[in-house]
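Residue numbers (the working numbering), protein chains in the order written: chain A, 1 to 143; chain B, 1001 to 1144.
Honestly, the hints are just simulated from the structure, not real lab data.
Treat each hint with caution, since some may be false.
Here are the simulated lysine to any residue pairs, SDA-like style, with alpha carbons at most 25 Å apart [to be verified]:
1. B:Lys1008 to A:Glu9
2. A:Lys32 to A:Lys114
3. B:Lys1008 to A:Pro55
4. A:Lys114 to A:Gly58
5. B:Lys1116 to B:Asp1141
6. A:Lys7 to B:Leu1133
7. B:Lys1122 to A:Met1
8. B:Lys1122 to B:Glu1137
9. B:Lys1092 to B:Leu1070
10. A:Lys67 to A:Pro110
11. A:Lys32 to B:Tyr1044
12. B:Lys1008 to A:His41
13. B:Lys1008 to A:Gly58
14. B:Lys1008 to A:Gln56
15. A:Lys32 to B:Glu1137
16. B:Lys1092 to B:Lys1122
17. A:Lys64 to A:Ser136
18. B:Lys1116 to A:Ser136
19. B:Lys1039 to A:Phe82
20. B:Lys1122 to A:Gly58
21. A:Lys32 to B:Glu1078
22. A:Lys67 to A:Asn26
23. A:Lys67 to A:His37
24. A:Lys7 to B:Lys1092
25. B:Lys1142 to A:Asn84
26. B:Lys1008 to A:Val60
27. B:Lys1092 to B:Tyr1044
28. B:Lys1122 to A:Cys33
29. B:Lys1008 to A:Ile4
30. B:Lys1008 to A:Arg134
31. B:Lys1008 to A:Glu46
32. B:Lys1008 to A:Glu24
33. A:Lys32 to B:Asp1141
34. A:Lys7 to B:Ser1120
35. B:Lys1116 to A:Asp127
36. B:Lys1122 to A:Arg6
37. A:Lys32 to B:Arg1127
38. B:Lys1122 to A:Arg134
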Amino acid sequence: MVYITRKIEFSASHLYHNPAFSAEENRRIFGKCNNPHGHGHNYVLEVTVAGEPDPQTGMVLDLKELKGILQREIIERMDHRFLNYEVPELAGQIPTCETIASVVWNFLEPKITKGSLHRVRLYETPDLFVDCYRDSTNRSSAR
Amino acid sequence: MKSSNQLKLVLTRRYRFAASHRLHNARFSEEENSRIYGKCSNPYGHGHNYVIEVSLSGPLDHATGMIANLADLDRFVEREVLEDFDHRYLNKELPVFHERVPTSENLCIEIYSRLKSFPSAKLEGIRLEETGLNSVEYSGDKGV
C-alpha cells in the first residue's frame, strides 16, 4: 500500500454559538470564538489517498484529478466563505476543526474512486489540527 | 461499540517549551559518557526549543462540536507539564530526571504519563520534537 498526500489551503470565517445555550454559557464554553461577527483562519488541508500504484502509469491516482476534486469539492464550497452560513452541510453544527474535517471527509470520500481516502488532516492553525479516518482496523501508518 | 463505518477523529494541539538538559549517566565513566552522548554530555548542559504534540480522541460532543474543549486542554497541559518543564534545567529541577537520563525518549514518556489522566478525552499519543530535525512518539506501552 502506498499513501499519497496533496495539500491545499483555504481561508474562511466561522463562529461558535449554540442557540440551546444561554449567552453566558456560549461565552464560557466558546470564549472568543463566540464573538458574534465571527473570525477567520487560513486552513490547511492534507488529503491522503491509499492504494497500489497502477503498473502502467506508476500512479495511485493522477494528482491532477485529485487537484480537480479538491477544487470542486472543497475550495469552491469553503474558500473565502463564512462557514456557518455558506456551507449547508455545517448547518446546525458548531464549525470546529473536528466537524469541518468530518464534512470534508464526507465530501471527498465518494469522489475518490482510484485508491481510497485514508486520512483527512485539517489544520486550523499550525498548532491545531484534526485527523479524520474511517474507523476500521487497517489504520496502520501515518498518524 | 462503534460500527465499522464511523469516522474516527483525532485532535492534535502543539505546545512549546524551552529547557536545558545534559545527557549523562552517573553509572558510566566519564569516557563512556563522552563516547555515548558526545557534546550532549558537556558538563553545564545545553538547551532546546521543544515542541509537544498532544493527540486526543473521543466521541464528538454534538452540543459543542468538540472532542475536548481546548481551553481545558491548555490549562491541563500548562499545569501538568509546561509549568514544570518550561525554562528549567530538566536534570536538576525535575526529580524524575535525577535517575533517568532526560533524552527525548524519556521526556516523551514522562509527558505522556503526566497527560494520560486528561479527564475529557482519550490521550492517543505524544509526539515530542527536540529540534525541527528529530522527534519521538509515544502512545503508551503496548508492546511491539
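Hints, one by one, checked against the model:
1. B:Lys1008 to A:Glu9: holds (23 Å)
2. A:Lys32 to A:Lys114: violated (42 Å)
3. B:Lys1008 to A:Pro55: violated (32 Å)
4. A:Lys114 to A:Gly58: Roughly 13 Å between the alpha carbons, so the hint for A:Lys114 and A:Gly58 holds.
5. B:Lys1116 to B:Asp1141: Since the Cα atoms of B:Lys1116 and B:Asp1141 sit roughly 12 Å apart, the hinted pair holds (cutoff 25 Å).
6. A:Lys7 to B:Leu1133: This hinted pair holds, its Cα atoms lying about 21 Å apart.
7. B:Lys1122 to A:Met1: violated (29 Å)
8. B:Lys1122 to B:Glu1137: This hinted pair holds, its Cα atoms lying about 16 Å apart.
9. B:Lys1092 to B:Leu1070: violated (31 Å)
10. A:Lys67 to A:Pro110: holds (15 Å)
11. A:Lys32 to B:Tyr1044: Violated: A:Lys32 and B:Tyr1044 sit about 43 Å apart, past 25 Å.
12. B:Lys1008 to A:His41: Between B:Lys1008 and A:His41 the Cα gap is close to 24 Å, so the pair holds against 25 Å.
13. B:Lys1008 to A:Gly58: Violated. B:Lys1008 to A:Gly58 sits at ~30 Å, over the 25 Å cutoff.
14. B:Lys1008 to A:Gln56: violated (34 Å)
15. A:Lys32 to B:Glu1137: With a Cα-Cα distance of about 32 Å, the restraint between A:Lys32 and B:Glu1137 is violated, given a limit of 25 Å.
16. B:Lys1092 to B:Lys1122: violated (31 Å)
17. A:Lys64 to A:Ser136: Distance of about 28 Å is beyond 25 Å: violated.
18. B:Lys1116 to A:Ser136: holds (24 Å)
19. B:Lys1039 to A:Phe82: violated (52 Å)
20. B:Lys1122 to A:Gly58: This hinted pair is violated, its Cα atoms lying about 39 Å apart.
21. A:Lys32 to B:Glu1078: Holds - the C-alpha atoms of B:Glu1078 and A:Lys32 are around 20 Å apart, at most 25 Å.
22. A:Lys67 to A:Asn26: violated (38 Å)
23. A:Lys67 to A:His37: violated (32 Å)
24. A:Lys7 to B:Lys1092: violated (43 Å)
25. B:Lys1142 to A:Asn84: violated (41 Å)
26. B:Lys1008 to A:Val60: holds (24 Å)
27. B:Lys1092 to B:Tyr1044: Holds, because 11 Å separates the two Cα atoms, which is no more than 25 Å.
28. B:Lys1122 to A:Cys33: Holds: B:Lys1122 and A:Cys33 sit about 24 Å apart, inside 25 Å.
29. B:Lys1008 to A:Ile4: holds (20 Å)
30. B:Lys1008 to A:Arg134: Holds, at roughly 6 Å.
31. B:Lys1008 to A:Glu46: Given pair B:Lys1008, A:Glu46 holds - Cα atoms ~16 Å apart, limit 25 Å.
32. B:Lys1008 to A:Glu24: Violated. B:Lys1008 to A:Glu24 sits at ~31 Å, over the 25 Å cutoff.
33. A:Lys32 to B:Asp1141: violated (38 Å)
34. A:Lys7 to B:Ser1120: violated (31 Å)
35. B:Lys1116 to A:Asp127: Judged against 25 Å, a Cα distance of about 20 Å means the pair holds.
36. B:Lys1122 to A:Arg6: violated (29 Å)
37. A:Lys32 to B:Arg1127: Given pair A:Lys32, B:Arg1127 is violated - Cα atoms ~28 Å apart, limit 25 Å.
38. B:Lys1122 to A:Arg134: Between B:Lys1122 and A:Arg134 the Cα gap is close to 18 Å, so the pair holds against 25 Å.
Hint compliance for this structure: hints 2, 3, 7, 9, 11, 13, 14, 15, 16, 17, 19, 20, 22, 23, 24, 25, 32, 33, 34, 36, 37 are not met, and every other hint is.
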